[in-house]
Amino acid sequence: MTVLRGIGRLGAAALLAGLLSACATTGGGSARDPLEPLNRAIFGFNEKFDEVLMKPVAQGYRAVLPEMVRTGVTNFFSNIEDVWIAANNLLQGKPESALQDVMRVAINTVIGLGGLIDVASDAGLEKHNEDFGQTLGRWGIGSGPYIVLPVLGPSTLRDGIGLLGVDNAVEPVWNLDHIPTRNTLYAGRAVNYRANALDAVRLMDEAALDKYRFVRDAHLQRRRSLIYDGDPPREREPENSSSALPTPPFSALSTLGLAAAETPANETVVPQSDVNLPIADPVAAGEPRGFPQSLH
Amino acid sequence: MRNLLSLLLVAFSSLALAQEVAPDVLVKGITTEVINIIKQDKDIQAGNPRKIADLVEKRILPHFSFARMTRIAVAVNWRRATPEQQKVLTEEFKTLLVRTYSNALSLYRDQAIDFKPLRMKPDDTEITVKSEIRQKGAQPVTLDYEMEKTPTGWKVFDVKVSGVSLITNYREDFAAQVRESGIDGLIKVLVSKNRGARPEKS
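Quick mapping for you: the protein sequence lines, in order, are chains A and Z. FYI, this note's numbering numbers position 10 of the first sequence as 10, with every residue one higher than the one before it. FYI, this note's numbering numbers position 15 of the second sequence as 15, with every residue one higher than the one before it.
I should point out that these hints are in silico values taken from the structure, not numbers from a laboratory. Fair warning: there could be bad hints in the mix.
What the hints assert, rightly or not - Partial list, computed: chain A residues near chain Z (C-beta under 7 angstroms):
1. S30
2. T109
3. D210
Claimed, not checked - Taking lysine-lysine and the DSBU-like style, the derived pairs with C-alpha atoms no more than 30 angstroms apart in a straight line are:
4. K48/A <-> K211/A
5. K211/A <-> K87/Z
6. K211/A <-> K121/Z
7. K55/A <-> K58/Z
8. K51/Z <-> K94/Z
9. K211/A <-> K51/Z
10. K58/Z <-> K42/Z
11. K94/Z <-> K211/A
12. K55/A <-> K116/Z
13. K130/Z <-> K211/A
14. K188/Z <-> K48/A
15. K51/Z <-> K55/A
Heads up, the beta-carbon is just placed ideally off N, CA and C, and yes, glycines get one too.
Kindly generate the complete structure, drawing on both the sequences and the hints.
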């Protein structure tokens with residue numbers, strides 16, 4: 001069973017990679033989003049799915065359960081996540097952060113009643129946000145084209161592979177052998193997650209002219225910020241824009257079209273592409289922080 | 001006598017300099033003031049649009065540079081717009097941002113906001129004031145204010161929430177609207193967004 005699941009996962013990731021490297025450049029639109037027509041279709045489906053299922057369920061969930069219970073649910077899943085966050089911090093060469101994460105898990109599991117109460121945050125051990133996509137980014141691998149995953153939502157080629165290929169594979173909930181329990185936990189987590197996002201999504205609906213573009217660009221900005229742990233290097237002012245973009249460095253995944261996707265190839269054709277910020281990898285744009293250069 | 005006069009002059013000018021509020025002090029002051037108002041006002045907490053608009057108009061807007069914000073969002077097309085178009089763009093974008101900001105304010109409950117120490121050189125004309133909203137059971141939300149020095153004090157020209165710049169986030173969207181239907185097309189979309197969108201309760 002586990003083997004089967006593993007093969008399925010690998011297959012999905014490989015399919016994704018193949019599909020995307022096949023169509024790395026197409027004209028028009030954003031240089032970071034060559035698959036816009038396909039992405040828009042999936043985005044439309046996700047919006048519909050959200051409208052008829054996820055949002056109403058999440059609203060009901062929020063109306064029925066008191067805030068204390070919902071915080072407990074959030075904390076419970078957050079505590080499980082922290083284990084993998086610790087591993088990713090270690091992979092990114094940040095042992096202090098990893099140690100903090102481990103301490104968070106220990107404290108929250110023992111004192112926080114199995115993770116229901118986030119005692120560690122109150123004690124000054126701040127929660128981190130890491131996943132394998134970010135680790136790949138820290139290693140210098142570009143994000144590749146933007147991809148909207150069915151149901152799961154905004155991602156990129158790199159992050160999609162990180163999520164489907166690696167994050168899921170090691171995730172405790174996914175690896176539960178008791179399928180009803182696993183599915184219940186999955187559903188509970190999804191509903192809780194959506195409930196937490198209700199206000200943010202409403203704000204976004206009101207702010208966006210074109211929701212697809214707004215969500216896409218916010219997602220890409222957010223991921224870039226996360227890779228730099230909230231402190232990305234300053235970007236050029238668009239007012240005095242120049243068209244000089246840094247060339248992406250050679251990376252191990254350039255064969256997959258990952259590095260190539262970083263440069264807007266049709267820069268001269270698309271007038272606004274000098275406004276596009278290079279979603280460049282940290283190592284090319286700034287100094288690598290904490291991760292030894294020799295490993296590239 | 002002459003000496004006394006010049007002494008007075010010096011004293012006055014240094015007093016004037018001291019009165020120029022440092023950017024982080026300014027943001028912290030406004031934040032505290034606005035939070036205290038929200039905490040005491042049940043109408044604002046309930047989302048009363050009139051009262052929130054009033055609060056934003058009086059306490060927050062004077063410290064924002066909407067002209068600069070619009071220039072950043074419109075990017076290369078700014079230079080292609082006529083002065084009249086630039087004026088309308090700024091006005092409409094301001095309306096859109098103010099509404100978004102007002103809606104965000106009404107969601108505030110009693111989260112603690114921490115300000116990080118400001119690293120600033122005396123001759124800096126642009127600076128980032130960093131703050132964090134702490135919330136239970138989640139990573140803190142970072143709130144960064146990009147500020148520029150102007151003759152009338154420090155002004156905010158960008159706000160970054162969790163690393164997402166609200167202003168640059170409009171850039172590609174605006175560029176695409178202009179590509180599809182010109183600068184007037186962008187203005188039209190902005191106007192209809194501002195007229196049409198009614199806050200939906202969730």
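Starting from K94/Z, check that the Cα of K211/A is at most 30 angstroms away, please.
Within the cut-off at roughly 19 angstroms; holds.
Please verify whether K211/A and K121/Z have alpha carbons no more than 30 angstroms apart.
Cα-Cα ~40 angstroms, so violated.
Below or equal to 30 angstroms on CA atoms is what counts here, so check K130/Z against K211/A.
holds (28 angstroms)
Are K188/Z and K48/A close enough, with their CA atoms no more than 30 angstroms apart?
Within the cut-off at roughly 27 angstroms; holds.
Are the Cα positions of K211/A and K87/Z separated by 30 angstroms at most?
holds (25 angstroms)
Please check whether D210/A passes as an interface residue: C-beta within 7 angstroms of a C-beta belonging to chain Z.
holds (5 angstroms)
So if I understand the rule, the pair passes when the alpha-carbon distance is 30 angstroms or less; does K55/A with K58/Z pass?
Outside the cut-off at roughly 35 angstroms; violated.
Does the alpha-carbon distance linking K55/A and K116/Z stay inside the 30 angstroms limit?
violated (36 angstroms)
Agreement of K58/Z and K42/Z with the hint, judged by alpha carbon distance not exceeding 30 angstroms:
holds (19 angstroms)
Given the proposed pairing of K51/Z with K94/Z, does the C-alpha separation stay at or below 30 angstroms?
Distance ~18 angstroms between K51/Z and K94/Z Cα, so the pair holds.
For a C-alpha distance cap of 30 angstroms, please report whether K211/A and K51/Z respect it.
Holds, because 28 angstroms separates the two Cα atoms, which is no more than 30 angstroms.
Is the Cα-Cα distance between K51/Z and K55/A 30 angstroms or less?
The hint holds at about 29 angstroms.
Checked against the numbered hints given earlier, the structure breaks hints 2, 6, 7 and 12 and satisfies all the rest.
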